[in-house]
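If you want the building blocks of each chain, they are given just below.
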Amino acid sequence: MMKLTRRAALAGAAMALCLAAGGTAMAQETFKVGTINPYSGPLALYGGEVNRGYELAADAVNEAGGILGRQVEILKGDATNPQEGIAAVERLATRENADAFIGTYLSAVAGAASETALNYNKLYWDTNALATNLTERGLPNYIRSGPYSVSFADVSIDLILNSLAARLGKQPGDLTVWLEHEESVYGTSIAEHQKERLEAAGVKVLGIGAHSYKSIDLTDSVLRARDANPDIWVQTGYVPDGNLLLRTARDQGFKPKATVFVGTGDTKETLEAMGADGVEGLLVVSYPRPDISEDYGPGSKAYLEAYRAKYGEDPIAPQSMAAFVGFKIMAQAINKAGSAEPEAVSGVLGSFDEPLRTYETGFGAKFDDNKQNQRAYPTVIQWQGGKQVTVFPDDAAGDNKMVNIGN
Amino acid sequence: METFLNIVIVGLLLGGIYGLVSMGLNLIFGVVRIVNFAQGELVMLGMYGAYLSWYLLGLDPYLSALVVVPCLFVLGVIIQRFVLQPLQNEPSMQIFATFGLLILFQNIVLAITRGTGYSVHSEVSRVVLSFEDINISLSRLIVLIMVILVAVGANWFLHSTMYGKAVRAVTQDRRSARLMGINVELAFMLTFGVGSALAGLAGVLLAPIYTLSPQIGGNFILAAFAVVVLGGLGSVWGAFFGGFIIGLIEAFAGYYLNPELKHAIWFLVFIAVLIVRPGGLFGIAGAEEVGLREQD
Amino acid sequence: MNKTDGQAMPAALAGNGATMRPKVTTFGTELGRIGAIGVFFAIFIVLFRGDPFILNMMAYTFLFAALSTSWNIIGGFGGQFSLGHGVFFAIGAYTTANLYFHWQISPWLSLVPGMILAAMVAVAVSWPTFRLKGPFFAIATLALNEVALVLATYFDGITGGPRGMLLPFKAGLENMVFTSRLPYAVIMFGFLLVSLVAAAWVLRGRLGYYLQAVHLDEDAARAAGIDVLKVKLTGMAVSAALTGIGGSLFAMYLRFVDPPTVLSIQDIGVKFLLIALIGGVGTLYGPLLGALLIIPLESYLRATLGGTIPGINLLILGGLLVIFALFMRRGIFGAMQGLWERRRGARQ
Numbered sequence: 001m002m003k004l005t006r007r008a009a010l011a012g013a014a015m016a017l018c019l020a021a022g023g024t025a026m027a028q029e030t031f032k033v034g035t036i037n038p039y040s041g042p043l044a045l046y047g048g049e050v051n052r053g054y055e056l057a058a059d060a061v062n063e064a065g066g067i068l069g070r071q072v073e074i075l076k077g078d079a080t081n082p083q084e085g086i087a088a089v090e091r092l093a094t095r096e097n098a099d100a101f102i103g104t105y106l107s108a109v110a111g112a113a114s115e116t117a118l119n120y121n122k123l124y125w126d127t128n129a130l131a132t133n134l135t136e137r138g139l140p141n142y143i144r145s146g147p148y149s150v151s152f153a154d155v156s157i158d159l160i161l162n163s164l165a166a167r168l169g170k171q172p173g174d175l176t177v178w179l180e181h182e183e184s185v186y187g188t189s190i191a192e193h194q195k196e197r198l199e200a201a202g203v204k205v206l207g208i209g210a211h212s213y214k215s216i217d218l219t220d221s222v223l224r225a226r227d228a229n230p231d232i233w234v235q236t237g238y239v240p241d242g243n244l245l246l247r248t249a250r251d252q253g254f255k256p257k258a259t260v261f262v263g264t265g266d267t268k269e270t271l272e273a274m275g276a277d278g279v280e281g282l283l284v285v286s287y288p289r290p291d292i293s294e295d296y297g298p299g300s301k302a303y304l305e306a307y308r309a310k311y312g313e314d315p316i317a318p319q320s321m322a323a324f325v326g327f328k329i330m331a332q333a334i335n336k337a338g339s340a341e342p343e344a345v346s347g348v349l350g351s352f353d354e355p356l357r358t359y360e361t362g363f364g365a366k367f368d369d370n371k372q373n374q375r376a377y378p379t380v381i382q383w384q385g386g387k388q389v390t391v392f393p394d395d396a397a398g399d400n401k402m403v404n405i406g407n
Numbered sequence: 001m002e003t004f005l006n007i008v009i010v011g012l013l014l015g016g017i018y019g020l021v022s023m024g025l026n027l028i029f030g031v032v033r034i035v036n037f038a039q040g041e042l043v044m045l046g047m048y049g050a051y052l053s054w055y056l057l058g059l060d061p062y063l064s065a066l067v068v069v070p071c072l073f074v075l076g077v078i079i080q081r082f083v084l085q086p087l088q089n090e091p092s093m094q095i096f097a098t099f100g101l102l103i104l105f106q107n108i109v110l111a112i113t114r115g116t117g118y119s120v121h122s123e124v125s126r127v128v129l130s131f132e133d134i135n136i137s138l139s140r141l142i143v144l145i146m147v148i149l150v151a152v153g154a155n156w157f158l159h160s161t162m163y164g165k166a167v168r169a170v171t172q173d174r175r176s177a178r179l180m181g182i183n184v185e186l187a188f189m190l191t192f193g194v195g196s197a198l199a200g201l202a203g204v205l206l207a208p209i210y211t212l213s214p215q216i217g218g219n220f221i222l223a224a225f226a227v228v229v230l231g232g233l234g235s236v237w238g239a240f241f242g243g244f245i246i247g248l249i250e251a252f253a254g255y256y257l258n259p260e261l262k263h264a265i266w267f268l269v270f271i272a273v274l275i276v277r278p279g280g281l282f283g284i285a286g287a288e289e290v291g292l293r294e295q296d
Numbered sequence: 001m002n003k004t005d006g007q008a009m010p011a012a013l014a015g016n017g018a019t020m021r022p023k024v025t026t027f028g029t030e031l032g033r034i035g036a037i038g039v040f041f042a043i044f045i046v047l048f049r050g051d052p053f054i055l056n057m058m059a060y061t062f063l064f065a066a067l068s069t070s071w072n073i074i075g076g077f078g079g080q081f082s083l084g085h086g087v088f089f090a091i092g093a094y095t096t097a098n099l100y101f102h103w104q105i106s107p108w109l110s111l112v113p114g115m116i117l118a119a120m121v122a123v124a125v126s127w128p129t130f131r132l133k134g135p136f137f138a139i140a141t142l143a144l145n146e147v148a149l150v151l152a153t154y155f156d157g158i159t160g161g162p163r164g165m166l167l168p169f170k171a172g173l174e175n176m177v178f179t180s181r182l183p184y185a186v187i188m189f190g191f192l193l194v195s196l197v198a199a200a201w202v203l204r205g206r207l208g209y210y211l212q213a214v215h216l217d218e219d220a221a222r223a224a225g226i227d228v229l230k231v232k233l234t235g236m237a238v239s240a241a242l243t244g245i246g247g248s249l250f251a252m253y254l255r256f257v258d259p260p261t262v263l264s265i266q267d268i269g270v271k272f273l274l275i276a277l278i279g280g281v282g283t284l285y286g287p288l289l290g291a292l293l294i295i296p297l298e299s300y301l302r303a304t305l306g307g308t309i310p311g312i313n314l315l316i317l318g319g320l321l322v323i324f325a326l327f328m329r330r331g332i333f334g335a336m337q338g339l340w341e342r343r344r345g346a347r348q
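Note that the protein sequences, when read in sequence, are chains V, L and B. First residue of the first sequence: 1, per the working numbering; consecutive thereafter. First residue of the second sequence: 1, per the working numbering; consecutive thereafter. First residue of the third sequence: 1, per the working numbering; consecutive thereafter.
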């Protein structure tokens, strides 16, 4: 009996492994970029959106001659958790001969995937992961061109100190804030940095509330915030919990003088949940949108048109444009270095000194010692009449004006 | 005092949500004796059914129950007949199969929607009843009323109709029920159908409250299991009061202690109660053994 | 009707255990078989030593085969359908990660405290929960997993909280950190052998017979003089200790530990059970078969379809799981056994 078992096990295992080994590599004529993102699971929408940015960038780069003279080819690597990140990089590096990697909507995936890429001495370029510790590792192949959690926290606090305080007619010392955040690494690290900066500026943080983005009920969180009666309610989270908080705040009559959402809340998912009047005046710190002023993000209109032409709809979330810009900076860096080797690319990073407002998102490019781009910032939109209007920083806003808050 | 009262109301409304989601699970768990991991996904399908009815037919979500609930009933009958009944002798494989269904349903919806967070529109969901400092969202109040109606209805049905009595007979002793001429397979199919229809009803009524996502069922399912077990297996009033108990614990723990820990607190309470009263609060003593007793 | 009709979970042994197995083997025989399996896979590893992709998949498959084998000791032999093994897995992972991160203690050494801690926690939480039976026990252990998730997120002093613990990349045998995938495949393979031997030792020893007796009929076992609680607790401790090792190895394989990764219900806790079920729950080699099927299948579907329509790979996986359940009601092992019996019957 056991003989049969073993024989069958052998056959089964061999078959499964052969199947997996099926996609063998072709001749090396294109420059292959493995794009590591969640393309299934709960974050599939955003992973897919980021990848659209890469595809558009690949089109643009190919038109301009490609990378190292080769046409760019995108290879998707689906990863919803760190172990899948490892598997995806292994597969793309060995089976598909990927030349470089780019990602990542999920920070946890970025960590494991970039270390695996290092085993093959491949570049791992990050455009969207937010966790601070990714660049602090000092990994030789890890470069981040997009904003990270500190940038998001910074912009939200700049908004409060430089714009909202004055609008509410208060000195920072008289201002009160409630910080709400979802409890994973993303919300927690942004909220911690926000608290630090607010307290340094003398703003009173009345409380910090954490919740799970899977919560069925957030009335307790809203009541705690409401009963503290803050001037400004700041929330960092995902779409489902953000929508539930907004609904509950409306039902519970919680009307702070200003509400600032960080990360999400600027998409039609929130508009549909709340209706135009339900989101009116809401401020959202997020990736720069394609409708920022052409002055701040040169080429953003062209990007929007390219997106519409390729996908037949408007971008669902603004993440894609940051991905697009990141991919373009990566192409520049590799071409400048003349090689996709991590050492060579890291070597030319120092020569990047593009001022803010160089790229479509308003980013510049200036990398610090940890290979983090110091000139990548989110922007702030405000919902006005069912439209997202970029209102901060002032140069991104152009002629747009903030409404409904204070004077 | 007002805050206290407010928290009580928040807890009761939340308990209504938990109770409604648990009703169908309780029926299936209690009668067919299947740990249906896919129950949350049936709720999710009910929500998307409400969205689809609104999107295609322009139906108000509350009216769409007329379409969605029968559809879910049929789906439940199909699942029982073609997936679970063939596995009747392999209860652990039934668990496996419901897990397969969970993955299947989630990803069918994900593949179709790309995972975009839809919302269902209803004028009702904007109405808030205010008394002094206490605010009650009408859509949550409807859930609370509906769970009372379902509990009363189910109780009447199980105790006052022939079919209900047959179901109770099957629950208590399958072998004797079969000997009494009850078609056990048919009873299971209809029970699973009704359990699934109740999940659909819950989905429809919850759709205006939440942002829809293919994974949303998972947010309900653990709580629903806890409610069912806490209240008592197969006891209608058990699921009813179990929902309120958990809702109240969550509301109080969330407001007065710490929202981060509220789930740990009610899970621990749940485990503690279970250990003291393994049959659940409203279960018949020894009900937990029924699940193990060999039955023909 | 069949005599097992309606018998509630866990019924794993009812049809495929002692009743159908032609004759009971000894621990020595099983050791021989495990040795043969070992030689076979060792050859496999040698053949594919230059292919990191296959090696990585092997490492992951072996890890889950071993974890599922460990789960099977209490879940299969003992019939206690724990859905809370993710807790013991996480304890192993966090113990190793902490000792390595804060005190640079070699993961090889921290396997032991991880094991002990996992076993201790297992006994402590199982003591009360073993009062529950069947689905009630399963749901209570599922709840334990959720409690652990909340606590691991909250007590960031020990766990790094939601930020998790990123372990420094310092390659070296003593750190259990390697640039190549080969050592990982070998380590996971070793873990698989250890857990198979442990499972065989339990199954063919006194504890195994006690566990199976408790599984089949707790009251009868008690009447026969078996200390039911002690047997269940011992089985759980062994199972949890092995699961703890798995957690430690996983932590070093990922070099990253955070609550949603190690306490995921779908990717960790329930997976042990799914793999055992599809392979043949309560049988010694069933979990290995299950892992050999599910893990490569999952990666294959993700690799080929993961980038096309969102979720299509899992959609197909879910459908396949339902079909497997329908056509292999007692797992791969049971199906093979049935096939074997039929062939033998035809020959006679």
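Hints in this document: simulated from the structure, not taken from any laboratory. Glycine included, each C-beta is placed from N, C-alpha and C at the ideal position. There may be inaccurate statements among the hints.
[As the list claims (entries may be wrong)] So these bits of chain V aren't anywhere near chain B, every CB distance computed over 10 Å:
| no. | residue |
| --- | --- |
| 1 | Ser-40 |
| 2 | Asn-62 |
| 3 | Asn-81 |
| 4 | Glu-84 |
| 5 | Glu-90 |
| 6 | Glu-115 |
| 7 | Val-155 |
| 8 | Arg-197 |
| 9 | Lys-257 |
| 10 | Leu-304 |
| 11 | Gly-312 |
| 12 | Arg-357 |
[Said to hold, decoys possible] These stretches of chain L come out as covered by chain B in the derived footprint (C-beta under 8 Å, 3 or more residues):
| no. | region |
| --- | --- |
| 13 | 49-60 |
| 14 | 99-107 |
| 15 | 111-118 |
| 16 | 220-232 |
| 17 | 265-271 |
[Said to hold, decoys possible] Among the chain L residues that face chain B by a calculated CB cut under 8 Å, a handful are:
| no. | residue |
| --- | --- |
| 18 | Glu-132 |
| 19 | Glu-260 |
| 20 | Leu-261 |
| 21 | Ile-275 |
Hint check:
1. Ser-40: 5 Å, violated
2. Asn-62: Per Cβ check, Asn-62(V) is outside 10 Å of chain B; nearest 19 Å; holds.
3. Asn-81: 6 Å, violated
4. Glu-84: About 7 Å separates Glu-84(V) from the closest Cβ of chain B, which leaves it inside 10 Å; violated.
5. Glu-90: 5 Å, violated
6. Glu-115: For Glu-115(V), whose nearest Cβ neighbour in chain B is about 6 Å away, the distance does not exceed 10 Å, so it is violated.
7. Val-155: 21 Å, holds
8. Arg-197: 18 Å, holds
9. Lys-257: Lys-257(V) clear of chain B: closest Cβ-Cβ about 30 Å, beyond 10 Å.
10. Leu-304: 23 Å, holds
11. Gly-312: The claim holds: Gly-312(V) sits with its nearest Cβ about 16 Å from chain B, beyond 10 Å.
12. Arg-357: 33 Å, holds
13. 49-60: With 0 residues close enough to chain B, the hint is violated.
14. 99-107: holds (count 9)
15. 111-118: With 3 residues closer than 8 Å to chain B, the region 111-118 of chain L meets the three-residue bar; holds.
16. 220-232: n = 4 at 8 Å, threshold three: holds.
17. 265-271: Our answer is that it holds, as 4 residues pass the Cβ test (under 8 Å) against chain B, meeting three.
18. Glu-132: 34 Å, violated
19. Glu-260: 6 Å, holds
20. Leu-261: Since chain B brings a Cβ to about 6 Å from Leu-261(L), closer than 8 Å, the hint holds.
21. Ile-275: 4 Å, holds
In terms of the numbered hints stated before, the structure departs from hints 1, 3, 4, 5, 6, 13 and 18, listed from lowest to highest.
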